[in-house]
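A.B. asks: What follows is the residue order along each chain.
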Amino acid sequence: ETGVTQTPRHLVMGMTNKKSLKCEQHLGHNAMYWYKQSAKKPLELMFVYNFKEQTENNSVPSRFSPECPNSSHLFLHLHTLQPEDSALYLCASSQDLAAGRLSSTDTQYFGPGTRLTVL
Amino acid sequence: QKEVEQNSGPLSVPEGAIASLNCTYSDRGSQSFFWYRQYSGKSPELIMFIYSNGDKEDGRFTAQLNKASQYVSLLIRDSQPSDSATYLCAFIEQHNYGQNFVFGPGTRLSVLP
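Chains G and V supply the protein sequences, listed in that same order.
First residue of the first sequence: 3, per my numbering; consecutive thereafter.
First residue of the second sequence: 3, per my numbering; consecutive thereafter.
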């Protein structure tokens, strides 16, 4: 497989369920991201992992728990979600550069997303 | 709070016309800017990136950057119905620990046949 993959592509869960979203990147990148995209809203950054260390957490509720076991895999563990958490969850990866000029390949690549519905 | 602003649209243009999409940003330190296209229900895909003042052309697409005015635009020549999508502007926000991408809300473009 190439690029960024996400599973599952669709998920319906009840408010008391526990589920996990999985993301895998095959690009050799060292930074991975979780975004939430709700209808008619901008992309909301949830978590950033640079070199497997979590470096950003934009006040995301604790019912979302990220895990990054290595630079190629990223998980988002979900528990006791609310209906307003229904959205498209996008994973992305990039090559994080501490310095230097970007080239055309130094950008974020997105996975296809997981469409989550919380009943 | 660093921000990216875009007109949400919808912007409607007839087929064959030039579509002009605009974006302003608040971070004067931003160096790199990206335009993504997102079809309904799909994930964003990169169209162009630009980091130098002036114009950058790639096929029917031209990105324009003016750092003094904190303004970046995307022109689509000979617009096609297949160009109908939401266009997201983004820039890189650099931190000591690494980088982050800041996205605008997107402009919805509709190309009418």
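These are calculated hints, taken from the structure and not from any lab test.
Quick caveat, the model's predicted, so the values are computed rather than measured.
Do not rely on the hints blindly, as some may be mistaken.
What the hints assert, rightly or not - Pairs of lysine-lysine, DSBU-like flavour, derived with a Cα cap of 35 Å:
#: 1; chain 1: G; residue 1: 20; chain 2: V; residue 2: 58
#: 2; chain 1: V; residue 1: 44; chain 2: G; residue 2: 38
#: 3; chain 1: V; residue 1: 69; chain 2: V; residue 2: 44
#: 4; chain 1: G; residue 1: 21; chain 2: V; residue 2: 69
#: 5; chain 1: V; residue 1: 69; chain 2: G; residue 2: 42
#: 6; chain 1: G; residue 1: 38; chain 2: V; residue 2: 58
#: 7; chain 1: G; residue 1: 24; chain 2: V; residue 2: 69
#: 8; chain 1: V; residue 1: 69; chain 2: G; residue 2: 43
#: 9; chain 1: G; residue 1: 24; chain 2: G; residue 2: 38
#: 10; chain 1: V; residue 1: 69; chain 2: G; residue 2: 20
#: 11; chain 1: V; residue 1: 44; chain 2: G; residue 2: 20
#: 12; chain 1: G; residue 1: 20; chain 2: G; residue 2: 38
#: 13; chain 1: V; residue 1: 58; chain 2: G; residue 2: 21
#: 14; chain 1: G; residue 1: 42; chain 2: V; residue 2: 44
#: 15; chain 1: V; residue 1: 58; chain 2: G; residue 2: 43
A.B. asks: Going through the numbered hints above, which ones does this structure break? Give me the numbers in ascending order.
C.D. replies: 1, 4, 7, 10, 13
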